[in-house]
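**Q** Sequence:
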Amino acid sequence: MKIILKVKRSFDSAHFLKDYIGPCAELHGHTWKVVIGFNILKIDCSNMSVDFKLIKKLVDNILPDHQCLNTFYNENNPTAEWLAGRLLKDIEKEIYSAAFEKLISIAEIEIFETENNSVYLAYKEAE
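Per numbering that gives the first Met the number 0, the sequence shown starts with residue 0, numbered consecutively.
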């Protein structure tokens, strides 16, 4: 049986797309929503892997809230696709720094630039 734990978070940030022809070339902001799925690798005697509160804190630590993504990441074109991959890598690092790598691994991430537009990145199955 495969169990995936999911958390949903949101943050506000701005960005612009250099060399893009259209309104997104100008500085503009979004309230981004991100849903992260974690493979459950181990459940303890209390029938839990990692407390939701700890996972939410882990994710919140890396979200670029109230930042300009271009300057925060030093990236010319921080698109939703690019941001999904970057957040995935940063969350994976946080899992290891919090010593959760034997309990959970990142399975998937979906980032919503708007309510109706998202990028979904399936990462890996539980091993």
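Quick caveat, the hints were computed from the structure, so don't treat them as lab data. Bear in mind the structure is a predicted one, so any value in this text is a computation, not a measurement. Mixed in with the good hints there might be a few duds.
In the EDC-like style, the derived pairs of lysine to aspartate or glutamate whose C-alpha atoms are separated by at most 16 angstroms in a straight line are [to be verified]: (1) Lys123 - Glu112; (2) Lys17 - Glu74; (3) Lys5 - Glu109; (4) Lys7 - Asp59; (5) Lys55 - Glu91; (6) Lys56 - Glu91; (7) Lys32 - Glu80; (8) Lys56 - Asp18; (9) Lys101 - Glu114; (10) Lys32 - Glu100; (11) Lys5 - Glu80; (12) Lys88 - Glu114; (13) Lys56 - Glu80; (14) Lys7 - Asp50.
Have a look at the derived ranges for each label pair, beta carbon to beta carbon [as the list claims (entries may be wrong)]: (15) His27 - Ile2: 21 to 29 angstroms; (16) Ala98 - Lys5: 15 to 23 angstroms; (17) Ile42 - Thr70: 37 to 45 angstroms; (18) Tyr72 - Lys1: 29 to 37 angstroms; (19) Asn76 - Cys44: 45 to 53 angstroms.
Just so it is clear, CB atoms sit at the ideal spot from N, CA and C, and this is done for glycine as well.
**Q** Each hint: holds or not?
**A** Hint check results:
1. Lys123 - Glu112: 23 angstroms, violated
2. Lys17 - Glu74: Measuring from Cα to Cα gives roughly 10 angstroms; hence the hint holds.
3. Lys5 - Glu109: 11 angstroms, holds
4. Lys7 - Asp59: Holds, at about 10 angstroms.
5. Lys55 - Glu91: 14 angstroms, holds
6. Lys56 - Glu91: 14 angstroms, holds
7. Lys32 - Glu80: With Cα atoms ~13 angstroms apart, Lys32 and Glu80 stay inside 16 angstroms; holds.
8. Lys56 - Asp18: 36 angstroms, violated
9. Lys101 - Glu114: Roughly 34 angstroms between the alpha carbons, so the hint for Lys101 and Glu114 is violated.
10. Lys32 - Glu100: 24 angstroms, violated
11. Lys5 - Glu80: 20 angstroms, violated
12. Lys88 - Glu114: Violated: Lys88 and Glu114 sit about 24 angstroms apart, past 16 angstroms.
13. Lys56 - Glu80: 23 angstroms, violated
14. Lys7 - Asp50: Holds. Lys7 to Asp50 sits at ~14 angstroms (cutoff 16 angstroms).
15. His27 - Ile2: 21 to 29 angstroms: 38 angstroms, violated
16. Ala98 - Lys5: 15 to 23 angstroms: Because 21 angstroms falls inside the window, the suggested range holds.
17. Ile42 - Thr70: 37 to 45 angstroms: 41 angstroms, holds
18. Tyr72 - Lys1: 29 to 37 angstroms: For Tyr72 and Lys1 the Cβ distance comes to about 32 angstroms; the hint holds.
19. Asn76 - Cys44: 45 to 53 angstroms: Given range 45 to 53 angstroms: holds, Cβ gap about 48 angstroms.
The structure fails to meet hints 1, 8, 9, 10, 11, 12, 13, 15 from the earlier list, while all remaining hints are met.
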